[in-house]
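Asks: Sequence:
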Amino acid sequence: MKQRVLFLCTGNSARSQIAEGLLRHLAGDRYDALSAGTHPVGLNPGAVAAMRELGIDISAQRSKRMDEFVDQAFDYVITVCDRAKESCPRWPHTGRLLHWSFDDPAIVTGSPGQQRQAFRMVRDHIKAHLEEFLSTSFRNSRQRSS
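Read left to right, the sequence shown gives residues 1437 to 1582 (our numbering).
Because the hints were derived from the structure by calculation, they are not lab data. Please note: incorrect hints may appear among the correct ones.
Okay, derived cross-link-like pairs now, DSBU-like style, lysine-lysine, Cα gap no bigger than 35 Å in a straight line [said to hold, decoys possible]: (1) 1500 - 1563; (2) 1438 - 1563; (3) 1500 - 1438.
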């Protein structure tokens, strides 16, 4: 049975969308990845472009309110921005609540190249966190089955 993971951020436009797409790509056979926001604003084209560079298409994902999921059970709820952590309700049907703090690439000003680089950096940081998360989860599941 797949473990369920919900990624939360404020706008559900970049960080949580990237995390959802990356987890689905890296371990979609073991995890159901979802994302939502406290105040969703729509999928950011910069997030779509950054993921496309890795061959991952998230263009069909949509911004969702966290209220859509509040009564659902999750193995993990992971906040990916500080504001979402502060406004995150208690999730009564959640195994673990984790917090990973990432800068918001959508607020970066400057040239288009600087903006693209901000999305790439956040994408790569999220990917590194997910790879560690998956490695730890795999080790823990092997220890339990031994």
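Asks: None of the hints should be skipped; say for each whether it holds.
Replies: Status of each hint after checking the structure:
1. 1500 - 1563: The hint holds at about 22 Å.
2. 1438 - 1563: The given pair, whose Cα atoms are some 20 Å apart, holds under the 35 Å limit.
3. 1500 - 1438: Answer holds: residue 1500 to residue 1438 is near 21 Å, not above 35 Å.
Hint check: no violations occur; every hint is consistent with the structure.
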